[in-house]
Amino acid sequence: MSVTGDRSGTPSAPRTMKTGASVHGVRDVPESASRPPRGRRHTLLPQTLLVPAVVLFLLFTVAPGGYAIYLSLMKDKVGGGLFGDQNPTTVFAGLENYRSAFGDAEFWHSIGRMLLVAVIGVPATIALATLFALCLDAKRARLVGFARLAIFLPYAVPGVVATLLWGFLYLPATSPIGGGTVDYFGSKMVFFAVANVAVWGVLGFNMVVVYTSLRGLPRELFQAAELDGASELQIALRIKLPMLAPTLTLISVFSLIGALQLFNEPTTLKPITNAISSTWVPLMRVYTDAFVDNDIHRGAAASFLLIVLTVTATVAANAVLRLIARRSER
Amino acid sequence: MTAVTTAARTAGAAAPAKRPRTNWIPTVILLIGAVYCVLPVVWIVIASTKTNSELFSTAPFAPSFHGGFFSNLRALFAYDHGIFARWALNSVIYAVGGATLSTIVCGCAGYALGKYRFLGSVWLFRMIVAAVLLPQIMLAIPQFLLLAKFGMTNNYAAVILPQLVSPFAIYLCKIYAEASVSDQLLEAARVDGASEWRMFASIGSRLMAPALVTVFLLQFIGIWNNFMLPFVMLNRDRLFPLTEGLYGLLIITGGQAAQYTIVIVGVLVSVIPLATIFLLLQRYWRVDLVSGGIKA
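Quick mapping for you: the protein sequence lines, in order, are chains A and B.
Numbered per UniProt numbering, the first sequence finishes at 330, counting up by one with no gaps.
Numbered per UniProt numbering, the second sequence finishes at 296, counting up by one with no gaps.
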């Protein structure tokens, strides 16, 4: 599960647990508290309990990964003879598939489109989630219970269903939001249209994460600032916001990972608009390679390449954001 | 602290005997946010009451009372011999079955890693933390390629099994077990002669309940919302979950606006039950666990 862009990717993607954990002091649990029971008797229980998880992990993560790497290094060679392409043989191709993926302009274009959606969607998600969380926390604000539920509601709507819903709002024929005059599928607008669906879906979840962390901050600090004459706005911007830095780092990385896995929204919008091609984002491109063009070797190479790029981007983003967070903490 | 209790506390604190003046700026901002999030759902409710011709001719936010809603509903459930109900059932099977099994698998693994040290346990935990970085959705196509090699696609197991192990869920259970299952308690049980298994089944698993509920909900939503995996694994429409089914409906009706009402009412029917369950279960939903904070 992940956060921006695709909800199914959302919750499983808090990849920066370290940040969150150290903030909330999990890591500070004294060693003695977590020290395992001293094995006076020999037990195989822990190993037994781990068997299902390890077996499933090997079968459905390690093995497919390995198989994808193997496939990406092979290619189908059309056999000669009477039946020709009926019986293609698989031969070693070296890095040929990777070269073809790297050399393909459309691959880079699809990455460019994905990044464009991310550049629009991720900051919007973080900014709005923080804004709403601060408003929920503001003194004497009304209707907070209703607003929190309402903003959280879209998280319960699957990405595909959310996209269908917004699709009808965008379609000129049915649009209640001026689809007749604004072309939501125009060459520039379409990026905003896709980003909007993603933001709508994950905003509430991120807001609740920020709000929860906001409620965990020491209240005395705000009261002291108030006594010193700080306004509500100053407290929000000068005290609350800097203290939220670790949480904001966490959800930024979450959202970024979600955005890199963008697939559901553009795939679902594709049937109702020509603005989205079958290779609009990298994952759609991999799907098209593997299922439409039936070139599983190229698909496997592109898949593996994407996984490497995503993991690299995640680690890099995490490092950079943690650095920023640490600096702003001082 | 759960989302709901915080809300209750906020409400309590903000409502003393003398009602202070409303702070308008945050209230208005929140209302705008609420409208942004709810309006599309409101529109779909209204649109579902319209017949096809009304959909394109009447005002967008004016509901119709000419029985359009029930005829749309009938058309939806009659479509292709009631396949919509089958999709809904499939979604429930995938999500409930997958989330239950996943909670058991990840809970067991988390407890073992949190409460025991054995050869390779630290190393194994490091592997899991690293695996959290893997983009699960991107593994869907490699998973399909491998399963297809053995002819194991196109069944319930092909959708459920790949989603059972969530590195994040194991991580969550591990740190929760460390923080909440006390060693003194286990030691006392051990002195009283309980077996290691018994200690896990009757003490560990109960103390871990909040983490297990959170894992269940996260996995439930993750699987319910998952589109990519069933999209690649299944090509028999009787196995589709709701997301796949509705997408298929749109593809079929994509060209012809005459069928939009079926898709619209289908979207509505698939939003309402989950949203309801979700709002009801809010109190059990520990978002603070998700963000990694455990108040030990």
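FYI, nobody ran anything at the bench for these hints, they're computed from the structure.
Just to be clear, a hint being listed does not mean it is correct.
[Unchecked claim] List time: in silico DMTMM-like cross-link candidates among lysine to aspartate or glutamate, alpha-carbon distance up to 25 Å:
(1) B:149 x A:293
(2) B:149 x A:96
(3) B:149 x A:106
(4) B:149 x A:295
(5) A:139 x A:106
Remember, predicted model here, so these are calculated numbers, not experimental data.
These are the hints, each one checked on the structure:
For the suggested pair residue 149 of chain B and residue 293 of chain A, the alpha carbons sit about 18 Å apart, so the restraint of at most 25 Å is met. Taking the CA atoms of residue 149 of chain B and residue 96 of chain A, the gap is near 23 Å; set against the 25 Å cutoff, the hint holds. This hinted pair does not check out: residue 149 of chain B and residue 106 of chain A have alpha carbons roughly 29 Å apart, beyond 25 Å. Our distance criterion of 25 Å between C-alpha atoms is met by residue 149 of chain B and residue 295 of chain A, whose separation comes to about 15 Å.
Between residue 139 of chain A and residue 106 of chain A the alpha-carbon distance is near 51 Å, which puts this suggested pair outside the 25 Å criterion.
Figure legend: structure checked against the earlier numbered hints; hints not met, in rising order: 3, 5.
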